[in-house]
Structure formats: structure tokens, C-alpha cells
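Chains as they are written, first to last, in our numbering: chain A, 369 to 483; chain B, 4 to 117.
Treat the hints as calculated values from the structure; they're not laboratory data. Every residue gets a Cβ at the ideal spot worked out from N, C-alpha and C, and that includes glycine. Honestly, I wouldn't trust all of these hints.
Sample of chain A residues with no beta-carbon within 12 Å of chain B, all distances over it, derived [to be verified]:
# : residue
1 : Ser382
2 : Phe431
3 : Glu432
4 : Glu439
5 : Ser452
6 : Asp453
7 : Ser480
8 : Val481
9 : Pro483
With a cut-off of at most 20 Å between alpha-carbon atoms, the simulated DMTMM-like pairs for lysine to aspartate or glutamate come out as follows [unchecked claim]:
#  : chain 1 : residue 1 : chain 2 : residue 2
10 : B       : Lys74     : B       : Glu33
11 : A       : Lys478    : B       : Asp41
12 : A       : Lys475    : B       : Asp62
13 : A       : Lys482    : A       : Glu383
14 : B       : Lys72     : B       : Asp41
15 : B       : Lys21     : B       : Glu33
16 : A       : Lys475    : B       : Glu33
17 : B       : Lys74     : B       : Asp59
18 : A       : Lys478    : A       : Glu383
Computed footprint of chain B on chain A; a stretch qualifies when at least three of its residues, placed anywhere within it, have a C-beta under 8 Å from a C-beta of chain B [stated by the list, open to error]:
#  : region
19 : 405-417
20 : 472-479
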Amino acid sequence: AQSVTQLGSHVSVSEGALVLLRCNYSSSVPPYLFWYVQYPNQGLQLLLKYTSAATLVKGINGFEAEFKKSETSFHLTKPSAHMSDAAEYFCAVSIHGGSQGNLIFGKGTKLSVKP
Amino acid sequence: EAQVTQNPRYLITVTGKKLTVTCSQNMNHEYMSWYRQDPGLGLRQIYYSMNVEVTDKGDVPEGYKVSRKEKRNFPLILESPSPNQTSLYFCASSLVSPYNSPLHFGNGTRLTVT
Chain A
369 AQSVTQLGSH VSVSEGALVL LRCNYSSSVP PYLFWYVQYP NQGLQLLLKY
419 TSAATLVKGI NGFEAEFKKS ETSFHLTKPS AHMSDAAEYF CAVSIHGGSQ
469 GNLIFGKGTK LSVKP
Chain B
4 EAQVTQNPRY LITVTGKKLT VTCSQNMNHE YMSWYRQDPG LGLRQIYYSM
54 NVEVTDKGDV PEGYKVSRKE KRNFPLILES PSPNQTSLYF CASSLVSPYN
104 SPLHFGNGTR LTVT
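Chain B on its own, in the form it takes in the complex:
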């Protein structure tokens, strides 16, 4: 089944403890992206990647890192999480880019930082 898989679905952590949220897609998509969703703010793009070894900042990249060493994986890294990073995170992928092929979303990772 074609899908974007995020892990974990739920994560509670403490301030400053490094964490990684994994994202994997099995559709051979070139493009991958991370969004965070907050009430009243909609979805905001954190980072995106047009291809392997190519990553770019979105609108809210501060406090996050990503890497794209292989096409199928695009992990999101929080080196030193803070409470303002408590949010619902979505990974998404697209065949080439989101403006000429649909974005496929994972089911989300709900992160709480205390």
C-alpha cells in the first residue's frame, strides 16, 4: 500500500532532550516536507526537500533540523526541544513537487514538550 509512515504517533518529552521523528515513503517520491499544525495557525512548513541531499527551509525552520540521505526517508530532528515546539507534526511527500502532483500526508505525530 502506498503510504507515508511517521513514527512515533505520540511523543512526550522534556525540554532539551534531543529527539527524532522518522518519516518514510514507499512511493519513490522526489519531494518530501515537514509541517506543523497548531490551532488557529493552520499548517506551517518547517523544511522541505526536492531530492536526495537537497533540503530547504520553510516558513518556521528555527529549532529543527532535517536530512535526506536517501530518497525514502526524511527524519525531523529537534536537537533541544522547547515547550513552544509542542504541536502536531505532519510529514508529506509528492512525486515531483506539490504544485504539479498531490501531497500525500502521514497520519501525524503529536509531540508534547514539558
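If we strip away everything but chain A, and leave its shape as in the complex, we get:
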């Protein structure tokens, strides 16, 4: 069965520093991978997704993620953190060709940004 593991439930960075949020997936078939962001007291919204086209995916708000099959990873990065990036980030996996309704989320990583 497919799954995702997010390393680190909390990450703290200084404003202007690199943001790196880690996600590893487990899947025996090519996955579709997603990053969603949840701001306080809101539902989730899509940041970016990988669907087997380019391995480097650019999303909203300056975030990007790189699919690395050899490492089964899909880490999220942003070169320079902004205070408004403070939120909880969720990696998710869906299996191409599998049940199209089953999107599996990781446990989330809460990002704090210090001034």
C-alpha cells in the first residue's frame, strides 16, 4: 500500500532562510505526489503536484519540489522564507491508475518562521 512519511513534525527557520520540508513516499507503482498547505483555522489548499512530467515542480508562493525516484523523495523547498509562510504543510500521494479517490496524506510538518 502507498504511504508518505514527513520527517519532522515541526521545522523552524529564520525569515530569509532556506525552507526544506522533507517527504518520502512508498509506492510500488508510479505515484502522483502533492504538497498542500494549511494556514491557521483554514482548510488545506494545493501548493503543487507531480504527475510524471517534469521532476522539478514549481508551485505557488515561490515553493518548488523535486521528485527523486532513486530516493523515493519529494522534498519541498523555498529559497527565502517569509513570515507569511508559517503554516502546516502536508505531503500526499495518489497512485496513478489506482483508486482515483484515495489520496493519502502525511502527518504534516508545522513551519514556524522567526523574524
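For chain A, the structure is supplied; the task is to place chain B on it using the hints.
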């Protein structure tokens, strides 16, 4: 405005008293889903629906029921709530399916069962 609307936002109830959380979307989306969010466990899928009259179990369906009689509505029913169903619940919808179109989430329903 395109949105997913959940009601109520907050609900406190007692064990065994049947309740329904409503979810409605105005985007003509085929797909709808319910998740629960618990600290340290992330989001877990309860049920989803690929279209009207089609529903499937997610990862944690026990103790929940859903129905999809019309495209825009997808209510979540707890026939006999228990304290372990205290959680934050999210309804979400997608144009076709979540792996080819973004999920749009409601603002959540915080349920407390005493």
C-alpha cells in the same frame, strides 16, 4: 464565490446522539470526500464519492455514514457518536478526482463528543 461550505463550524454533543455535518459545494464538482484531522495523525480519509450515488470507504470509515443523493451535497452522519470521534472534520471536493484536479477544502467542523 466558488466554495465548499460545511456546517456547523463547532459542535458539542453527547455520546450516542445522532448528528449530521453538512457539506455543500457550488463548483459542480464530481468528487467529494470527508477527512478527519487529529494531532500527530494528519488527515485521514473517512469516505469519498466519485459521483452521485457512488460512495467508497476511505481509511477510517468505522462509525460514519455518508450519502450522495445530489452532486452538490455530501453529508457526514454519525449514527451513535463516541468520544474517539472528537476531531476536526474537513469536507473537500475536486472537479474529477484529487489526482488530476486540486482538492478544495471547507473551513472545517470541530466536533467534541462527551
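Given the proposed pairing of B/Lys21 with B/Glu33, does the C-alpha separation stay at or below 20 Å?
violated, 28 Å
Pair hint A/Lys482 and A/Glu383, alpha-carbon separation not exceeding 20 Å:
Distance of about 6 Å is within 20 Å: holds.
Please check whether the beta-carbon of A/Ser382 is more than 12 Å away from every beta-carbon in chain B.
Check passes; 26 Å lies beyond 12 Å.
Under the criterion that the straight-line Cα-Cα distance not exceed 20 Å, is the pair A/Lys478, A/Glu383 satisfied?
Roughly 15 Å between the alpha carbons, so the hint for A/Lys478 and A/Glu383 holds.
Hey, does A/Ser480 actually stay past 12 Å from chain B on C-beta?
holds, 16 Å
Would the pair B/Lys72 and B/Asp41 pass a check requiring their Cα atoms to be no farther apart than 20 Å?
violated, 29 Å
When you look at the beta carbon of A/Val481, is every beta carbon of chain B farther off than 12 Å?
Holds, since 21 Å exceeds 12 Å.
Test the statement that A/Ser452 is away from the interface with chain B: the closest C-beta pair must be farther apart than 12 Å.
A/Ser452 clear of chain B: closest Cβ-Cβ about 19 Å, beyond 12 Å.
Distance restraint between A/Lys475 and B/Asp62, which requires alpha-carbon spacing of 20 Å or less:
Cα-Cα ~14 Å, so holds.
Holds or violated: B/Lys74 and B/Glu33, Cα atoms, limit 20 Å.
holds, 7 Å
What's the verdict on A/Lys475 and B/Glu33, does the C-alpha distance respect the 20 Å limit or exceed it?
violated, 27 Å
With a cut-off of 20 Å on the C-alpha distance, tell me whether B/Lys74 and B/Asp59 pass.
Status holds; Cα separation ~15 Å.
Of the numbered hints given earlier, the model fails hints 14, 15 and 16; all others are met.
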